[in-house]
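As given, the protein sequences belong to chains B and W, one line each in that order.
The numbering used here numbers the first residue of the first sequence as 1 and each following residue consecutively.
The numbering used here numbers the first residue of the second sequence as 1 and each following residue consecutively.
Take these hints with a grain of salt, some might be off.
[Said to hold, decoys possible] Just some of the chain B residues that point at chain W, by a computed CB distance under 10 Å:
1. Met10
2. Cys12
3. His49
4. Val85
5. Arg91
Just so you know, the hints here were simulated from the structure itself, not pulled from any lab data.
Even glycine gets a Cβ: it sits at the ideal position worked out from N, Cα and C.
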Amino acid sequence: DAKTTQPPSMDCAEGRAANLPCNHSTISGNEYVYWYRQIHSQGPQYIIHGLKNNETNEMASLIITEDRKSSTLILPHATLRDTAVYYCIVRVVNTGFQKLVFGTGTRLLVSP
Amino acid sequence: NAGVTQTPKFRVLKTGQSMTLLCAQDMNHEYMYWYRQDPGMGLRLIHYSVGEGTTAKGEVPDGYNVSRLKKQNFLLGLESAAPSQTSVYFCASSYSREGTQHFGDGTRLSIL
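Given the sequences, and given the hints that come with them, work out the whole structure.
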């Protein structure tokens with residue numbers, strides 16, 4: 001299973017872009033990178049995922065390096081409600097089943 | 001549209017007692033999952049189901065049993081609760097094995 005490495009915590013000023021890095025140097029060619037977040041006391045929330053190309057949706061952008069060994073989640077204009085733990089996950093497929101392996105994530109604190 | 005609903009939200013048990021956690025989803029999803037989350041840690045998969053009438057073990061299945069008699073419901077049982085099972089339990093569902101997992105808001109279980 002590919003592992004991910006994330007910084008334990010980051011700070012961001014409200015209104016600025018938050019750039020959350022993730023290393024996944026052992027990722028396989030057919031494994032996707034997923035990002036979820038968990039706001040305090042709530043269940044995890046899906047943000048975005050990608051394989052090779054950069055992706056963007058209404059919540060965030062995902063930048064994946066050409067060698068796929070790392071990626072960055074970008075929240076373009078962070079708000080106080082974006083304060084959460086952000087998980088970078090490499091999707092493992094094992095005998096037909098998708099398993100999400102959650103690490104300890106990055107705790108993002110957005111301040112006024 | 002409620003999504004994924006977990007009941008109860010909180011529960012305190014004594015060691016040796018039994019109980020069942022209920023997860024219900026109204027999205028017609030085939031796949032359902034039970035995770036536990038301990039303080040400062042990511043989520044760990046307990047059991048999962050790939051369809052009505054099927055169940056399978058995840059990473060940490062010991063001490064738990066599950067049932068999926070109806071497509072919309074996934075039950076997690078503790079036959080003889082132990083203090084080590086004190087945790088927050090999350091249920092999730094997805095339409096397919098590649099699909100995004102949608103999470104409930106969790107059940108906070110304390111075992112004394």
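Query raised in the report: In ascending order, which of the hints set out earlier in this document are inconsistent with the structure?
Result: 1 and 2
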